[in-house]
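Just so you know, the protein sequences line up as chains A and B, in that order. Residue numbers for the first sequence follow the UniProt record's numbering, so the first one is 1 and each next one is one higher. Residue numbers for the second sequence follow the UniProt record's numbering, so the first one is 1 and each next one is one higher.
These are calculated hints, taken from the structure and not from any lab test. Where a beta carbon is used, it is the ideal one built from N, C-alpha and C, also for glycine. Accuracy of the hints is not assured; some may be wrong.
So the derived label-pair ranges between C-beta atoms look like this [to be verified]: (1) Pro127(B) / Met1(A): 24 to 32 Å; (2) Pro258(A) / Asn160(B): 46 to 54 Å; (3) Ala21(B) / Glu265(A): 46 to 54 Å; (4) Ile89(A) / Asn160(B): 27 to 35 Å; (5) Glu236(A) / Ile159(B): 44 to 52 Å; (6) Asp229(B) / Val226(A): 40 to 48 Å; (7) Arg230(B) / Gly252(A): 38 to 46 Å; (8) Ile89(A) / Gly241(B): 48 to 56 Å; (9) Pro127(A) / Arg32(B): 48 to 56 Å; (10) Gly252(A) / Ile159(B): 50 to 58 Å.
Selected chain B positions facing chain A (in silico; Cβ < 7 Å) [claimed, not checked]: (11) Ala111; (12) Leu130; (13) Val141; (14) Gly142; (15) Leu145; (16) Ala149; (17) Cys155; (18) Glu158; (19) Leu161; (20) His228.
2 protein chains.
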Amino acid sequence: MDVTNRIERALTEALSQADLAGCPPRLAAAMRSAVFPRGARVRPRLCHSVAAACGDDNPATEAAGAALELMHCASLVHDDLPCFDGADIRRGRPSVHKAFGEPLAVLTGDALIVLAFQTIARVNCAPDRLLKLTQVIGSAVGVPLGIVAGQAWECESEINLAHYHRSKTGALFVAATAAGAASAGADPEPWRMVGEKIGEAYQVADDLRDAAADEDEIGKPVGQDVAHDRPSAVREMGIDGAVYHLKSLVRGAVEAMPPCSNGNELRSLIMSEATRLVPAKLAQSAA
Amino acid sequence: MDVTNRIERALTEALSQADLAGCPPRLAAAMRSAVFPRGARVRPRLCHSVAAACGDDNPATEAAGAALELMHCASLVHDDLPCFDGADIRRGRPSVHKAFGEPLAVLTGDALIVLAFQTIARVNCAPDRLLKLTQVIGSAVGVPLGIVAGQAWECESEINLAHYHRSKTGALFVAATAAGAASAGADPEPWRMVGEKIGEAYQVADDLRDAAADEDEIGKPVGQDVAHDRPSAVREMGIDGAVYHLKSLVRGAVEAMPPCSNGNELRSLIMSEATRLVPAKLAQSAA
Numbered sequence: 001m002d003v004t005n006r007i008e009r010a011l012t013e014a015l016s017q018a019d020l021a022g023c024p025p026r027l028a029a030a031m032r033s034a035v036f037p038r039g040a041r042v043r044p045r046l047c048h049s050v051a052a053a054c055g056d057d058n059p060a061t062e063a064a065g066a067a068l069e070l071m072h073c074a075s076l077v078h079d080d081l082p083c084f085d086g087a088d089i090r091r092g093r094p095s096v097h098k099a100f101g102e103p104l105a106v107l108t109g110d111a112l113i114v115l116a117f118q119t120i121a122r123v124n125c126a127p128d129r130l131l132k133l134t135q136v137i138g139s140a141v142g143v144p145l146g147i148v149a150g151q152a153w154e155c156e157s158e159i160n161l162a163h164y165h166r167s168k169t170g171a172l173f174v175a176a177t178a179a180g181a182a183s184a185g186a187d188p189e190p191w192r193m194v195g196e197k198i199g200e201a202y203q204v205a206d207d208l209r210d211a212a213a214d215e216d217e218i219g220k221p222v223g224q225d226v227a228h229d230r231p232s233a234v235r236e237m238g239i240d241g242a243v244y245h246l247k248s249l250v251r252g253a254v255e256a257m258p259p260c261s262n263g264n265e266l267r268s269l270i271m272s273e274a275t276r277l278v279p280a281k282l283a284q285s286a287a
Numbered sequence: 001m002d003v004t005n006r007i008e009r010a011l012t013e014a015l016s017q018a019d020l021a022g023c024p025p026r027l028a029a030a031m032r033s034a035v036f037p038r039g040a041r042v043r044p045r046l047c048h049s050v051a052a053a054c055g056d057d058n059p060a061t062e063a064a065g066a067a068l069e070l071m072h073c074a075s076l077v078h079d080d081l082p083c084f085d086g087a088d089i090r091r092g093r094p095s096v097h098k099a100f101g102e103p104l105a106v107l108t109g110d111a112l113i114v115l116a117f118q119t120i121a122r123v124n125c126a127p128d129r130l131l132k133l134t135q136v137i138g139s140a141v142g143v144p145l146g147i148v149a150g151q152a153w154e155c156e157s158e159i160n161l162a163h164y165h166r167s168k169t170g171a172l173f174v175a176a177t178a179a180g181a182a183s184a185g186a187d188p189e190p191w192r193m194v195g196e197k198i199g200e201a202y203q204v205a206d207d208l209r210d211a212a213a214d215e216d217e218i219g220k221p222v223g224q225d226v227a228h229d230r231p232s233a234v235r236e237m238g239i240d241g242a243v244y245h246l247k248s249l250v251r252g253a254v255e256a257m258p259p260c261s262n263g264n265e266l267r268s269l270i271m272s273e274a275t276r277l278v279p280a281k282l283a284q285s286a287a
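Build out the structure end to end from the sequences listed, making use of the hints.
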């Protein structure tokens, strides 16, 4: 079974908890709408590729990949709330709070966070490996440096930009590479730097898409960074500067890979992501 | 060290994650304000008492107790949000959204949920025992039957009252007894019924306090069940009926205890809680 199918199967299996007797049906529907239809699944794909590079892509990898994606979806649902971005559209469809109301959007995020941890704890695999995964993913989401902490920098009067980016976007990419290694029984530490570079590249690409893509192309409103006066690589270094920075980050990610038994697939994933993420109208200058 | 101090120490230690470099300071402050000063700590005390009854009250118990309380505090922060109860006061002080704003209240709940899982994963203890605790506490919070699912019943057009109460209040009490047993290396299953009875008793006591206590006595607004047209034991069976029901639930909890090496402390905790929770003006009829 290819990676795409394994990722979707793991997510479908995780979400089946919400189909069990006793679950409020609208909560179950809201959770499904937050996770399906599929997005790019960037983080689980990265996790699977690192596990494969480390030579042992097993059921713990599938659980880790699903947990990463559930955490990502949870953060999107909460970030879309009226008290944050107030986004009505996500992946080209109504956002969860728009379709199901604010209370269910809050609870959907909560339930997805919990489901991520449940998904890992349920795997039939060496318990110490699962605990390591719990730690890796927990620290990528919580305090002091996870995505929740990253989002919370938007509520401070003085924002620490380095911490903000590293936590809000970077943390889950670092977790994706570290979890891929941990699920394969390898040491996650040397893989963190790879995730860090990819996460930063992804943030720059996101800023580029916000500044230079069409709403149709990315399935959500554009121009949000300027509208909300948010820091952005494009505002800081211009379009060309941001494209150049993105390319050097991608190179850095590949160079940071520790020795591993089977790194080719991962290398090409990193390179192809870099191209995919750049807005169509800039693709030529980024190529 | 007595149980009260052990519970507070475990929570203080857990929250110290938010003091580490890089954590947004207002998020850290909001998290502390959600957890301290201490409430009654009913769930961790129950967890410690069951562990002691099972004859092995160790560091895993402290982590489980802290995790239960962090989950409870997270649910209070989210339940107090304007899109749910819109409560401005909690434990006699401004609620988190009132003191820190809505965005930080959402993130505080998220961070506390994650912290609960991190706290368990960090204990130096047999990994399989910690995984069991993760499962017990995860299912008490998530779908299909945890407290988040319980709260979500308020968003359905037709409410399933049995599931609503069992999930919203009962689930974390069931987890408290099951986690106490699991942290002691005992079989958690027979302890679930004890937690179920106590949880139901607690719900009835809460309904009684909402109907018959003063705001000063319980540190939050009263009369909310009628104001929000919520189901309640008092609305269903009257004050006297609810007091009678409470007493029989407490008896049932004690009778449901499986054989254990040291059950006296737990028995007296259950009995004293039953008295403590009844509003002062009804205490005589409940005695």
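These are the hints, each one checked on the structure:
no.	hint	in the structure
1	Pro127(B) / Met1(A): 24 to 32 Å	29 Å, holds
2	Pro258(A) / Asn160(B): 46 to 54 Å	52 Å, holds
3	Ala21(B) / Glu265(A): 46 to 54 Å	36 Å, violated
4	Ile89(A) / Asn160(B): 27 to 35 Å	32 Å, holds
5	Glu236(A) / Ile159(B): 44 to 52 Å	51 Å, holds
6	Asp229(B) / Val226(A): 40 to 48 Å	45 Å, holds
7	Arg230(B) / Gly252(A): 38 to 46 Å	55 Å, violated
8	Ile89(A) / Gly241(B): 48 to 56 Å	50 Å, holds
9	Pro127(A) / Arg32(B): 48 to 56 Å	32 Å, violated
10	Gly252(A) / Ile159(B): 50 to 58 Å	54 Å, holds
11	Ala111	5 Å, holds
12	Leu130	6 Å, holds
13	Val141	5 Å, holds
14	Gly142	3 Å, holds
15	Leu145	5 Å, holds
16	Ala149	6 Å, holds
17	Cys155	5 Å, holds
18	Glu158	9 Å, violated
19	Leu161	12 Å, violated
20	His228	12 Å, violated
Hint violations for this structure: numbers 3, 7, 9, 18, 19 and 20, all remaining hints satisfied.
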